[in-house]
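Protein chains: 2
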Amino acid sequence: MTNQAHNPTIKNPAIVIFANGVSKHLERHRNDVAQADFILCANGGTDACLRLGFTPDLVVGDLDSLAAETLELLHKNHVEIIVHPEDKNRTDLELALRQAVARNPKSVLVLNAIGGRLDLLLANIFLLASRELASIPVTLADGNQSVYPLTGPKEFTLNGRPGDTFSLVVLSDKAEGITLGGVKWPLKNAALTFGSTLPVSNQFMDNTAELQMKSGSILVFHISHPSEEAFL
Amino acid sequence: MTNQAHNPTIKNPAIVIFANGVSKHLERHRNDVAQADFILCANGGTDACLRLGFTPDLVVGDLDSLAAETLELLHKNHVEIIVHPEDKNRTDLELALRQAVARNPKSVLVLNAIGGRLDLLLANIFLLASRELASIPVTLADGNQSVYPLTGPKEFTLNGRPGDTFSLVVLSDKAEGITLGGVKWPLKNAALTFGSTLPVSNQFMDNTAELQMKSGSILVFHISHPSEEAFL
Numbered sequence: 053m054t055n056q057a058h059n060p061t062i063k064n065p066a067i068v069i070f071a072n073g074v075s076k077h078l079e080r081h082r083n084d085v086a087q088a089d090f091i092l093c094a095n096g097g098t099d100a101c102l103r104l105g106f107t108p109d110l111v112v113g114d115l116d117s118l119a120a121e122t123l124e125l126l127h128k129n130h131v132e133i134i135v136h137p138e139d140k141n142r143t144d145l146e147l148a149l150r151q152a153v154a155r156n157p158k159s160v161l162v163l164n165a166i167g168g169r170l171d172l173l174l175a176n177i178f179l180l181a182s183r184e185l186a187s188i189p190v191t192l193a194d195g196n197q198s199v200y201p202l203t204g205p206k207e208f209t210l211n212g213r214p215g216d217t218f219s220l221v222v223l224s225d226k227a228e229g230i231t232l233g234g235v236k237w238p239l240k241n242a243a244l245t246f247g248s249t250l251p252v253s254n255q256f257m258d259n260t261a262e263l264q265m266k267s268g269s270i271l272v273f274h275i276s277h278p279s280e281e282a283f284l
Numbered sequence: 053m054t055n056q057a058h059n060p061t062i063k064n065p066a067i068v069i070f071a072n073g074v075s076k077h078l079e080r081h082r083n084d085v086a087q088a089d090f091i092l093c094a095n096g097g098t099d100a101c102l103r104l105g106f107t108p109d110l111v112v113g114d115l116d117s118l119a120a121e122t123l124e125l126l127h128k129n130h131v132e133i134i135v136h137p138e139d140k141n142r143t144d145l146e147l148a149l150r151q152a153v154a155r156n157p158k159s160v161l162v163l164n165a166i167g168g169r170l171d172l173l174l175a176n177i178f179l180l181a182s183r184e185l186a187s188i189p190v191t192l193a194d195g196n197q198s199v200y201p202l203t204g205p206k207e208f209t210l211n212g213r214p215g216d217t218f219s220l221v222v223l224s225d226k227a228e229g230i231t232l233g234g235v236k237w238p239l240k241n242a243a244l245t246f247g248s249t250l251p252v253s254n255q256f257m258d259n260t261a262e263l264q265m266k267s268g269s270i271l272v273f274h275i276s277h278p279s280e281e282a283f284l
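Chains A and B, in that order, are what the protein sequence lines are. Mapping the first sequence onto this note's numbering, position 169 (from 1) lands on 221, and the numbers just tick up by one. Mapping the second sequence onto this note's numbering, position 61 (from 1) lands on 113, and the numbers just tick up by one.
If you're looking for bench data, these hints aren't it; they were derived computationally from the structure. Please note that the accuracy of each hint is not assured.
Identical chains blur together in the list; that is why a pair holds if it fits in one copy or across any two.
What the hints assert, rightly or not - Here are the simulated SDA-like pairs of lysine to any residue, each with C-alpha atoms no more than 25 Å apart in a straight line:
id, residue 1, residue 2
1, K128, D258
2, K266, R82
3, K206, H127
4, K236, G168
5, K266, D225
6, K63, P137
Since the structure is predicted, the reported quantities are computational estimates derived from the model, not experimental observations.
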């Protein structure tokens with residue numbers, strides 16, 4: 053709301069969600085947040101958002117875990133807060149994602165979700181890849197690592213630079229009809245199985261990599277500038 | 053080999069694998085390594101092993117990515133090295149795991165695999181849960197986070213302390229017949245689906261948590277002493 057570009061009433065908004073996680077790289081996503089139509093914070097993610105100098109449009113959270121000063125700031129800025137009880141059956145990010153999906157978003161970028169507890173990280177990534185949310189174009193990004201959950205049939209083009217890392221991780225039992233171009237080790241109508249490490253650590257040979265997939269569920273990873281360390 | 057307990061010829065050895073990753077917590081696993089029957093290093097994991105003061109029994113790696121001093125030290129200690137080419141279809145950890153499995157291990161503890169690049173982390177975890185490796189009791193541990201891939205039917209008991217975090221993440225489309233005891237939110241013959249965040253962030257109520265599962269594939273997470281931060 054401090055950023056005039058944000059308009060909660062826009063149709064098909066580009067939504068940024070601050071997850072309740074840990075990131076050492078939030079500063080790099082300042083432009084992504086500035087360009088968003090709607091900023092949604094999952095509970096403790098509110099603090100990360102405020103630290104970066106943005107005011108959320110909506111906070112989904114347990115008021116008990118927000119600091120008094122944070123709450124005061126939210127109230128002062130008339131930020132909508134949707135409170136949920138602490139003993140809940142869904143993670144904070146899941147509640148935030150459901151709020152995002154209800155707004156029929158053009159895109160959802162999830163920040164602040166990759167570092168931190170591994171159980172939450174995996175639960176959140178799998179949630180993004182689940183049937184219920186598979187239709188929404190979601191990106192999970194932190195610093196130079198971006199993750200795209202895709203469910204077939206799908207055509208997908210990714211912009212990068214020669215040398216960038218391009219990895220696939222199969223989430224379903226099988227992912228079939230996978231064709232991969234613009235990378236060092238291309239694939240043509242390949243079938244990949246769960247647990248295969250074959251499609252990991254491929255490389256951009258050009259400025260775009262193209263992927264077609266007929267069926268199945270995968271995660272696409274893009275690590276840009278791999279000369280930098282991509283530590284969580 | 054500096055540690056006299058290690059005997060590469062033992063049947064059903066307890067194997068520790070140093071993955072080629074990043075860990076801030078290796079020191080905490082000194083005893084686990086000391087008690088292992090066999091120490092196996094995946095490529096760059098060799099350095100982590102040596103830094104901790106242990107000599108590997110076997111290194112699986114691309115010699116080009118091992119420092120000259122490391123190679124010299126390995127040669128001086130007559131460490132067996134299985135070289136593989138750089139343009140490979142398997143990750144370093146996969147090659148190491150296949151060496152471990154060939155020794156019919158009683159248990160495999162993978163260290164140094166949880167931090168670092170998320171694509172490799174997920175590929176490695178899914179590999180551990182794949183059909184080919186599902187019969188081997190594998191633990192992935194880093195500091196106070198431990199991950200156990202389980203495939204049903206399975207009975208599993210985990211030792212912990214009241215307040216420790218106990219999470220499930222479903223890897224298959226469904227995991228069925230899940231009964232959970234000793235935790236704050238028990239389950240009885242429950243069915244969980246991929247992407248569900250319901251079984252995340254459960255808690256030990258006692259010193260043991262028991263899980264039975266009829267079918268499916270899951271990851272069990274144990275985060276001990278959750279008052280400490282469990283950051284990757």
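Now for the hints, and whether the structure bears them out:
1. K128 x D258: Close neither inside one copy (49 Å) nor across copies (44 Å); limit 25 Å.
2. K266 x R82: neither (35 Å within a copy, 47 Å between copies)
3. K206 x H127: For K206 and H127, neither the intra-copy (42 Å) nor the inter-copy (50 Å) Cα distance is at most 25 Å.
4. K236 x G168: Between copies only: 23 Å across, 32 Å inside.
5. K266 x D225: Cα proximity of K266 and D225: in one copy and across copies (14 Å, 18 Å).
6. K63 x P137: neither (29 Å within a copy, 52 Å between copies)
Consistency note: the structure conflicts with the earlier hints numbered 1, 2, 3 and 6.
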